[in-house]
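A.B. asks: Here is how the chains run, residue by residue.
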Amino acid sequence: MSLPPFEQVVDEHGPRVLRVCRAILGYHEAEDVWSETFLAALQAYPQLDPHANIEAWLVTIAKRKAIDRYRSAARNPVPAAELPDDGESPPEGYDELWSAMKSLPAQQREAVAYHHLAGLPYAEIAEILGNSEAAARRASSDGMKKLRAIYQGVSR
Amino acid sequence: MNNVFAALPEVDAEATRRLHARLVASAAGAGLLDVAYRTIDSPVGQLLLAATADGVVRVAFDCEGHDAVLAALADRVSPRILNAPSRLDKVAHELDEYFAGRRSTFDVALDFRLAAGFRRSVLEELRHIGYGKTASYAEVALKTGRPKAVRAVGTACALNPLPLVVPCHRVVRSDGAAGNYRGGAQAKLALLALEAQR
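Each protein sequence line maps, in turn, to chains X and D. The numbers in the numbering used here rise by one with no breaks, and the one at position 54 of the first sequence is 54. Count along the second sequence from 1, then add 1000; that gives the number in the numbering used here.
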């Protein structure tokens, strides 16, 4: 078994990885992290085990890229006014979702996105989060419960 | 129950296009675009064009199955393959001119890595058959210094990774028939007819 052309990886997984990034990183941050993720993935791609779960591999890289950015931002904070505006505004309802996601503990936010948006099994999510399958399952289900509670509160 | 994510479309076509362009640019800048490809329309059907940093490495006809050709490139050259048209702009433009009857030779760098040994020397020989001319398989065999390798010349032409730009369509059977072609016998006849017009 050999690796398919990377174009196929971008085509099949790009949109889902973008959804995950938007759900756990915010709208504008998401595109930068997506770009860094796929460039790093392209570099490492020839060495990838053809049997690997590509979605999990990409999400793992995205998580590492997000942490790198967070650390570098902490070292070199950029005043908000100087942040570039790329002119892309989020769709309706995104700000509500993002503020709900931000209110979750990081593990729950990630578990929810990895399971409900990336479609990863809990065993893979546990690998990424560094916990057990049961803990990953619980984080996802607790996170979803909170999200639904927030949304019901908003709509009433 | 996932409608909490309604604000995140499953596919955001605009963002997908933007991010793909950004990836192609940064991959090329980082030297990670091992194979770039694009497709073009032509009188002999849709063509797939692929190039490494060294030059055009593959021209493929529709009948070969472009997905299969890309999978073979991933296997034999590198899986770092992206749909990145700009590297192919020059050859695409020259092919357009060729099909319009306004060009008789191609002036682009070629990467012959998909043809080794005798097959490679046959391709080198083919480049000397001028526009509008033909040679028989036996004549090409003679020129490569292996007059008995007529069948091997046929194989080299049949497996030419760079049809059109390396003119294997100008090699015909000794009895005058056009013979087989990677792009189909019809395509070969069409190319010979095109070149006979000038």
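Note that these hints are calculated values from the structure, not bench results. Computed from a predicted model, the values in this text were never measured in an experiment. Backbone N, C-alpha and C define an ideal beta-carbon position, used for all residues, glycine too. Some hints could be false.
What the hints assert, rightly or not - Beta-carbon label-pair distances, calculated as ranges:
#1 Asn-76(X) / Ser-1026(D): 14 to 24 Å
#2 Asp-1067(D) / Ala-52(X): 15 to 25 Å
#3 Asp-1096(D) / Gly-119(X): 22 to 32 Å
#4 Ala-1196(D) / Gly-119(X): 30 to 40 Å
#5 Ser-1026(D) / Gly-153(X): 35 to 45 Å
#6 Pro-91(X) / Lys-1090(D): 31 to 41 Å
#7 Pro-91(X) / Gln-1197(D): 22 to 32 Å
#8 Ala-52(X) / Lys-1090(D): 51 to 61 Å
#9 Asn-53(X) / Thr-1155(D): 32 to 42 Å
#10 Ala-1006(D) / Ser-103(X): 17 to 27 Å
#11 Ala-1068(D) / Ser-103(X): 27 to 37 Å
#12 His-51(X) / Ser-1026(D): 25 to 35 Å
A.B. asks: CB of Asp-1067(D) to CB of Ala-52(X), is that within 15 to 25 Å?
C.D. replies: The hinted range 15 to 25 Å holds for Asp-1067(D) and Ala-52(X), with Cβ atoms some 21 Å apart.
A.B. asks: I want to verify a distance hint. Is the separation of the beta carbons of Ser-1026(D) and Gly-153(X) within 35 to 45 Å?
C.D. replies: 42 Å, holds
A.B. asks: Could one say that the CB atoms of Ala-1196(D) and Gly-119(X) fall in the range 30 to 40 Å?
C.D. replies: 57 Å, violated
A.B. asks: Within 25 to 35 Å: is that where the Cβ-Cβ distance between His-51(X) and Ser-1026(D) falls?
C.D. replies: The hinted range 25 to 35 Å holds for His-51(X) and Ser-1026(D), with Cβ atoms some 28 Å apart.
A.B. asks: Taking 32 to 42 Å as the hint, is the beta-carbon distance of Asn-53(X) and Thr-1155(D) inside that range?
C.D. replies: 41 Å, holds
A.B. asks: Given a hinted range of 27 to 37 Å, is it respected by the beta-carbon distance of Ala-1068(D) and Ser-103(X)?
C.D. replies: 49 Å Cβ-Cβ, so the 27 to 37 Å window is violated.
A.B. asks: That 51 to 61 Å hint for Ala-52(X) and Lys-1090(D) (C-beta), does it hold up?
C.D. replies: For Ala-52(X) and Lys-1090(D) the Cβ distance comes to about 37 Å; the hint is violated.
A.B. asks: Look at the Cβ atoms of Asp-1096(D) and Gly-119(X) and judge whether their distance stays inside 22 to 32 Å.
C.D. replies: 43 Å, violated
A.B. asks: CB of Asn-76(X) to CB of Ser-1026(D), is that within 14 to 24 Å?
C.D. replies: 21 Å, holds
A.B. asks: Given a hinted range of 17 to 27 Å, is it respected by the beta-carbon distance of Ala-1006(D) and Ser-103(X)?
C.D. replies: 18 Å, holds
A.B. asks: Does the beta carbon distance between Pro-91(X) and Lys-1090(D) stay inside 31 to 41 Å, or does it fall outside?
C.D. replies: 40 Å, holds
A.B. asks: Does the Cβ distance between Pro-91(X) and Gln-1197(D) fall inside 22 to 32 Å?
C.D. replies: For Gln-1197(D) against Pro-91(X), whose Cβ atoms are near 55 Å apart, the range 22 to 32 Å is violated.
Hints 3, 4, 7, 8 and 11 from the earlier list are contradicted by this structure; the remaining hints agree with it.
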